[in-house]
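Numbering (UniProt numbering), first residue to last: 1 to 497.
None of these hints come from the bench; they were simulated from the model. Please note that the accuracy of each hint is not assured.
Simulated pairs of lysine-lysine, DSSO-like, Cα-Cα distance not exceeding 27 Å [to be verified]:
no.: 1; residue 1: K179; residue 2: K168
no.: 2; residue 1: K38; residue 2: K121
no.: 3; residue 1: K193; residue 2: K121
no.: 4; residue 1: K178; residue 2: K121
no.: 5; residue 1: K97; residue 2: K110
no.: 6; residue 1: K232; residue 2: K157
no.: 7; residue 1: K178; residue 2: K168
no.: 8; residue 1: K171; residue 2: K253
no.: 9; residue 1: K176; residue 2: K108
no.: 10; residue 1: K263; residue 2: K354
no.: 11; residue 1: K160; residue 2: K97
no.: 12; residue 1: K5; residue 2: K105
no.: 13; residue 1: K232; residue 2: K312
no.: 14; residue 1: K37; residue 2: K200
no.: 15; residue 1: K350; residue 2: K314
no.: 16; residue 1: K268; residue 2: K176
no.: 17; residue 1: K40; residue 2: K81
no.: 18; residue 1: K157; residue 2: K121
no.: 19; residue 1: K317; residue 2: K171
no.: 20; residue 1: K178; residue 2: K81
no.: 21; residue 1: K105; residue 2: K157
no.: 22; residue 1: K160; residue 2: K171
no.: 23; residue 1: K232; residue 2: K37
no.: 24; residue 1: K483; residue 2: K200
no.: 25; residue 1: K37; residue 2: K81
no.: 26; residue 1: K197; residue 2: K263
no.: 27; residue 1: K263; residue 2: K273
no.: 28; residue 1: K38; residue 2: K110
no.: 29; residue 1: K232; residue 2: K178
no.: 30; residue 1: K157; residue 2: K263
no.: 31; residue 1: K253; residue 2: K268
no.: 32; residue 1: K37; residue 2: K193
no.: 33; residue 1: K37; residue 2: K483
no.: 34; residue 1: K179; residue 2: K232
no.: 35; residue 1: K379; residue 2: K5
If you're wondering where the values come from, they're calculated on a predicted model, not measured in any experiment.
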Amino acid sequence: MIFNKSSGILLHITSLPSRYGIGDFGDAAHRFIDLLKKSKQSVWQILPLNPIGFGNSPYQSYSAFAGNHLLISIDELINEKLLDPNDIIDLPAFNDKQVNFLEVKKYKEKLLERAFQSFEKNNQDYNRFNQENNEWLENYALFMALKTYFNHLPWNKWEKGIAFRNEKVIKLYREKLKKSIEYEKFIQYIFFKQWAKLKKYANSNGIKIIGDVPIFVSYDSCDAWSNPDLFKLDELGNPIVVAGVPPDYFSEKGQLWGNPLYKWDLMKSDGYKWWVERINLNLRCFDSIRLDHFRGFEAYWEILGDADNAMKGKWVKGPGEDFFNRVINALGDVSIIAEDLGIITDDVIKLKDKFGFPGMKVLQFTLEDLDSDDFYPEKFDENTFVYTGTHDNDTILSWYGSVDAVVKECIEMCYGISEDMVEEEVVWRFIELAFGSNGSVVVIPLQDVLCLGGEGRMNTPGTVGGNWEWRFSFEELSCDRVKRLRVLTERYNRVVE
């Protein structure tokens, strides 16, 4: 499918302003939607909303279905009388430029537990939510209750009976952890209720939300624990092989992600039921979804489970066309964007094109490819989402400062962008280059709209620590920047009426 000509902003929820140390679904999110509307944007792209695990990464989650409780708005809970204003009189002085995940988690969980005590469990809406989401919610609530009970150890380090899901032992723990399980269900109910309200507000203001679905799940996840047969694990529950990518733009030794790999043949036997349910849930939550690492559906990089790096892996064929045929047969038309960055072969392109999925172009990559037509954004395929950068890239300003002289010379010769210009103008010229491209949709990271340098980078692939923490304030998003966005959107006919 080809999207209408339009534009929008890439910003994760965690980066929104909030007095609670992390962005959430409250007033700031609604205010951001108002600013998107004012600047004539029609797309808000976010990162995965699942519960964060290792490294606070939204791509290493405890569940492919559940929501991140840290995104729940405390102010909304006060409005709903689940909390009292006096409950937040001890509010810490959180850093408004960075998320301190440890401190935020400690503070917000205390308030969420208090809200749970106030909640009326015999609630018709709550009961309906539990029934509709029973397929994943029961296992997830038990998994998280067990994580707490076993001091957050990975599931394969738990007591053997529960780690390997002995039915009698599961029954015992369901009874023993009954209150904790109910708490986890309550958290998910509130999460999805608040998210639905925010999405409804976005849609009513002409803003479509693009979600993000990672191809792989974390090893220490409810998904691997409750469905071990779907993954390549040994008899002790350890991954036999894991996911990653070979040496690439971001890393000389490749990236060792460590996610367990799927048994695609087994998944095929039931019509990829787990995946169909996962995509269905995401398409109910978002207007469109970006499938991260799309190339992995055609072929993925398989690395031995005990490897130290990703260099000695091998390409293994993925489910390919059969997978998407089954998904479309089950769900009908699906609004999917293929993240087709990295090592892309003709077979990956054929798979994407067969189903009409739009791909991605990132100026930081294309402008370094001097011998390719991709150097010229006006030559991009129309069925393309165009970015100055993604969450994995540096900001466009920091990138421009680091590229070699030959690239800078070509950029100046073709596009008139030079080091002699003031930094803000350099950034806006790159933004305009994206807006003027042939791609149907342009998405600009908010960090670039704010003209930030490396301090605005969201994630550096292959590194641990200091990632996913960036936040902004509304004072930075000045009237002048909102106006410039609106002018570009109008100039390049990207306003969606």
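Now for the hints, and whether the structure bears them out:
Distance check on the hinted pair: K179 and K168 sit about 19 Å apart at the alpha-carbon level, within 27 Å; holds. The suggested pairing of K38 with K121 is violated, with an alpha-carbon distance near 40 Å, which exceeds 27 Å. Proximity of K193 to K121 is assessed by CA-CA distance (about 15 Å); at most 27 Å being required, the pair is judged to hold. Restraint check: the Cα-Cα separation between K178 and K121 comes to about 13 Å, which is no more than 27 Å; the hinted pair holds.
Restraint check: the Cα-Cα separation between K97 and K110 comes to about 23 Å, which is no more than 27 Å; the hinted pair holds. Restraint check: the Cα-Cα separation between K232 and K157 comes to about 18 Å, which is no more than 27 Å; the hinted pair holds. The suggested pairing of K178 with K168 holds, with an alpha-carbon distance near 15 Å, which does not exceed 27 Å. Restraint check for K171 and K253: not satisfied, since their Cα atoms lie roughly 45 Å apart, outside the 27 Å limit.
Our distance criterion of 27 Å between C-alpha atoms is met by K176 and K108, whose separation comes to about 25 Å. Note on K263 and K354: the hinted pairing holds, with a Cα-Cα distance of about 24 Å set against a maximum of 27 Å. The hinted pair formed by K160 and K97 fails the criterion: a straight-line CA distance of about 43 Å is larger than 27 Å. For the proposed pair K5 and K105, the alpha carbon gap of about 40 Å is over 27 Å, so the pair is violated.
At roughly 18 Å between alpha-carbon atoms, K232 and K312 fall within 27 Å of each other, so this suggested pair holds. A distance of roughly 14 Å separates the Cα atoms of K37 and K200; the hinted pair therefore holds under the 27 Å criterion. Restraint check: the Cα-Cα separation between K350 and K314 comes to about 21 Å, which is no more than 27 Å; the hinted pair holds. For the suggested pair K268 and K176, the alpha carbons sit about 36 Å apart, so the restraint of at most 27 Å is broken.
For the suggested pair K40 and K81, the alpha carbons sit about 35 Å apart, so the restraint of at most 27 Å is broken. Our distance criterion of 27 Å between C-alpha atoms is broken by K157 and K121, whose separation comes to about 33 Å. With a C-alpha separation of about 39 Å, the suggested pairing of K317 with K171 is violated against the 27 Å cut-off. Proximity of K178 to K81 is assessed by CA-CA distance (about 25 Å); at most 27 Å being required, the pair is judged to hold.
Restraint check for K105 and K157: the C-alpha separation of about 23 Å stays at or below 27 Å, so the hint holds. Restraint check for K160 and K171: satisfied, since their Cα atoms lie roughly 14 Å apart, inside the 27 Å limit. Using a Cα cut-off of 27 Å, the hinted pair K232 and K37 is violated, with the two alpha carbons roughly 46 Å apart. Annotation: proposed proximity of K483 to K200 holds, straight-line Cα distance about 25 Å (limit 27 Å).
At most 27 Å may separate the alpha-carbon atoms for a hinted pair to count; K37 and K81 exceed this at roughly 30 Å. Note on K197 and K263: the hinted pairing is violated, with a Cα-Cα distance of about 37 Å set against a maximum of 27 Å. Simply put, K263 and K273 have alpha-carbon atoms about 13 Å apart, close enough for the 27 Å limit, and the pair holds. Taking the CA atoms of K38 and K110, the gap is near 37 Å; set against the 27 Å cutoff, the hint is violated.
Among the hinted pairs, K232 with K178 is inconsistent with the structure: their alpha-carbon atoms are about 31 Å apart, more than 27 Å. Taken as a hint, the K157 and K263 pair is honoured in the structure, with Cα atoms around 23 Å apart against an allowance of 27 Å. Between K253 and K268 the CA atoms are separated by roughly 32 Å; this puts the pair beyond 27 Å, and the hint is violated. The straight-line distance between the Cα atoms of K37 and K193 is roughly 23 Å, inside the 27 Å bound, and the hint therefore holds.
Under the criterion of a C-alpha separation no larger than 27 Å, the hint pairing K37 with K483 is consistent with the structure, at around 11 Å. The hinted pair formed by K179 and K232 fails the criterion: a straight-line CA distance of about 33 Å is larger than 27 Å. Straight-line distance between C-alpha atoms of K379 and K5 comes to about 15 Å, which keeps the hinted pair within the 27 Å bound.
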